[in-house]
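Make one complex out of these two single chains by using the hints.
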Amino acid sequence: MSEPVLIGEAMTGGYGGADILHSCTIAVEKGEIAVIVGPNGAGKSTAMKAVFGMLKLREGQVRLLGEDISALTPQARVRKGMGFVPQTANIFPSMTVEENLEMGAFIREDNFRETMAQVFELFPILREKRRQAAGELSGGQRQQVAVGRALMTKPTVLMLDEPTAGVSPIVMDELFDRIIEVARTGISILMVEQNARQALAIADKGYVLVQGRNRYTDTGQALLADPEVRKSFLGG
Amino acid sequence: MEPINAFVALSNFVLIPAFAYGSQIALGALGITLIYGILRFAHFAHGDIMALGTGIVILTTWGLQAQGIGLGPFPTALLALPVGILGTILYLLAADRMVYRFYRKVKAKPMTFVMASLGVMFVTNGITRLIMGPSEERFDDGERFIISVREFRDWTGLAEGLALRSAQALTIVVALVAMVFLFWFLNRTRSGKSMRAYSDNEDLALLSGINPERVVVITWAIAGTLMVLAGTLYGLDKSYRPFTYFQLLLPFFAAAIVGGLGNPMGAIIGGYVVAFAEMGITYAWRRVVVYLAPEGWEPTGLMQILPVDYKFAVTFGILVLVLIFRPTGIFKGRTL
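Note that the protein sequences, when read in sequence, are chains A and B.
For the first sequence, position 222 matches number 222 in our numbering, and the numbering has no gaps at all.
One gets our numbering by counting positions in the second sequence from 1 and adding 236 to each.
The following block holds chain B by itself, in its conformation from the complex (with noise of 0.2 Å):
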């Protein structure tokens, strides 16, 4: 019995790259929750125009790194988030002005909305793969470990290591304060207030003197604010691949439902559970179990429920459950 050996690895192997995944999807699905809070659809290109804020981003990148411009220690694509995140807002509000505006002013259903969107997402997955390529991108520099499993072991002489790359706390952190910065804004601003006034109650806003106009573009600068981060940190913390950002909605739109459709915390709690629910059920267990059970029980077998490449059945089948048995969400959103 050696627990501590088994929870280092549980941290290394689940924990740890669980929260920030987490963290990334949470952002993501803040998002999808604000935009159909505001603009009552679901945002189906999320995750293309995700790809394609990020490939501003790492253009970006490229260019400060050919500049010889860094950072130090930190990805140099901290300094060009701020390009990826105004590109991607004005893309947003031209999609806005071109697309979605329209059917605000003939009232159209939702399910045109969503269509609409879809249309958007094909548009823009085609931009994405003109500037970018279908292929995968690497564009992380910096320093890769703040901790590295050997150092871990050296220092603390135990079997199992542990590795924290700076990706992922970086991810933590910057997540942190974006959710922090965006519960201030909704709970302490003027025009947080006038946002959730109006995914509330729009006909009683507008009553009361909300210009509908402000909340929306309000909403979609938040969005694509949201958008970039969870872009560039999956993209730091994994790899980048447009077609891997698309798949990234289902993930997305289940932290959203799970969590509540059209609230935030929802969202991030959501975002959490989907990401721990996908690590946990996919990995293979023996490594903890070794250490945990007596002399002569060791598992044979991997103790793995479903092979890795099956995570996505693993947030389809949360989504389903929830969508069956607590359509409202966990924090009673509303139902699709």
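The following block holds chain A by itself, in its conformation from the complex (with noise of 0.2 Å):
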């Protein structure tokens, strides 16, 4: 198999102390979705945090297009290509939609406004809001804007912390539908979801974690249909 375009391999490593992450291992291919899934606690965003560089790692490698990027902090990360939503605070809440795009196209020195006509055609309610405070806009909305603001950098990979935390479940729908779409334009999304059986229906692969260790790894139809994980982790 060719090397995936990110992937962080056998991370073993916590936030001091003792170790949260235990050899594990998280890859995404090229314009496919990856999803980490499992019970609390079980390490999920600390995974994808260890991969975005926000935990330092013991043990362990992330790569970023067969690079090693295991040194880089965040920010350097951004500009090498990486994106990332976090889970809460994701967004400017007094500024406008489109002063929050802008922001996000922050590091780019050329002109960011066709990607900005992209993440509006992506999202066109954002178009419609877009001199309005995105403080003032719904859940779900802010959530657009939130993935919005990380695609103006146009991420090779975008990573997404929960995006549907505290979103009713039409508007999850709809969240998933647009990060489908992400993906079909050749983005890779690497996603840590709460909602598993949902999440697990549109990723290309799944990673159940437990207890900071990979469990199960498979596709995404794969993991729904395995009666093991069904019992353990999707109730039934």
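No lab work stands behind these hints, which were simulated from the structure alone.
Any given hint could turn out to be false.
Okay, the calculated beta carbon distance ranges per label pair [said to hold, decoys possible]:
#1 A:136 <-> B:560: 42 to 52 Å
#2 A:110 <-> B:362: 20 to 30 Å
#3 B:421 <-> A:170: 38 to 48 Å
#4 A:110 <-> B:559: 39 to 49 Å
#5 B:421 <-> A:71: 32 to 42 Å
#6 A:107 <-> B:516: 25 to 35 Å
#7 B:552 <-> A:197: 55 to 65 Å
#8 A:107 <-> B:303: 41 to 51 Å
#9 A:117 <-> B:559: 51 to 61 Å
#10 A:93 <-> B:393: 54 to 64 Å
#11 A:136 <-> B:276: 15 to 25 Å
#12 B:303 <-> A:117: 50 to 60 Å
Listed below are the simulated EDC-like cross-link pairs for lysine to aspartate or glutamate, each with C-alpha atoms no more than 20 Å apart in a straight line [unchecked claim]:
#13 A:30 <-> A:177
#14 B:474 <-> B:376
#15 A:80 <-> B:439
#16 B:345 <-> B:439
#17 B:343 <-> B:473
#18 A:56 <-> B:439
#19 A:80 <-> A:67
#20 B:568 <-> A:136
#21 B:547 <-> B:531
The C-beta atom is built at its ideal place from N, Cα and C for all residues, glycine as well.
Structure below.
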């Protein structure tokens, strides 16, 4: 198999003291959606933070397009082509939607109007509300702003930390549809999800973590079909 | 009943002075609110650094006056402003390098920053005393009045006179220009937007590639400019005494909190609220009421709610009321 776009290989580490991740491997291929699921406290978000450089690894390596980026800061990884949408506080609330997107493109020296048009095409509601303060929007719309902001750097990989936390099921379906659309444009997507069933349904690859270790790794469909995974993690 | 005379008296003694004073407070409060929004601490050295910056302006003004350089009808201090602004910005950046940057690095609590700024305040106060001394200094020159009381009476034939001093007009014009420029900067330029982004969400700003140290430098530069403008205009309008400038800290903070900490528009509105309240409550209203009351009903007392010495009590009262009943201020700023 060729090298994936992004891979965190055999990652071991934690926030000082005891390790949270134990030789955990997460990878995503070009234009595919990889989803990390697992019970509470399984280290899902921690695994993603490790890939993004927000956690020091004792062992293992993170490679983006074959290049070892383990030593880079999160900011430097953004410049290398990683987009990250945090779970909370992922927008600039007092700034307008358009300004939020502009700030997303802050590191770009070239003209970003085209990318902004693409984001507006993906999320038409944002075009409509582009002069409104992002903090005044609904939860689902805010998530769209957050994803849009991260897309402004034209990332190779987009990482989403529980994008559907706290939004209604209808909004969740819509968000997932948009995420599939983003993946179709060739951007790889790595996301952590609480709503495991729905997330695995759209995933090309699923990672089930338990206590910081890879428990099951397979395609989303295969994991959904696996009776053991269903019983232990998807509630039957 | 002579409403015109009443209005002229009101303008002369309350409206015009309060508008000028409010503009001065607004400029100071803008600095407080920006520093609070970006650096996230209450900058207690504001008044004393303002005194130091204005001191530089005064020394430069005297130098220019000694050389015979002036601006004709305008105060020479306007020419000296750039020197004062530059000196103040350098001083603020030096303070940041030597004091605040360390606490940013160790991610100290806001209270630690406040205490550090208190230290900077004492040091600055000492430096100002060494250079300028504690006493009152005058540095205004040029035309004193745009309209004087006598001229106004001669023109209109009214009993009441109205004066518009050039320092008052200058304050209002300069403050307005500074505010318009500040809002243009914050809302239209990349640097300004990055400041607002940093104030809104520090982590996300870092993630977006905004350089925090650059944001900090710009913030000090803007705050320094506003301080020197406020201090110089206050000095021209009233007088310069370092201790008075230290005392201005109270109306500055009151204005920033009344408007909503971290919100520039709030700081401006808050500045005028504080100024008009101070003036309105400490003014002897008899002079106005005399013209409005029916014959024989003229008040015998001064109709002054509080003596002028208590003007800071008024500000303090507003501050306490706002903190009790609406701690986020008019424009929903942050709470201290």
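Which of the numbered hints are not met once you compare them with the structure shown?
1, 2, 6, 9, 17 and 21
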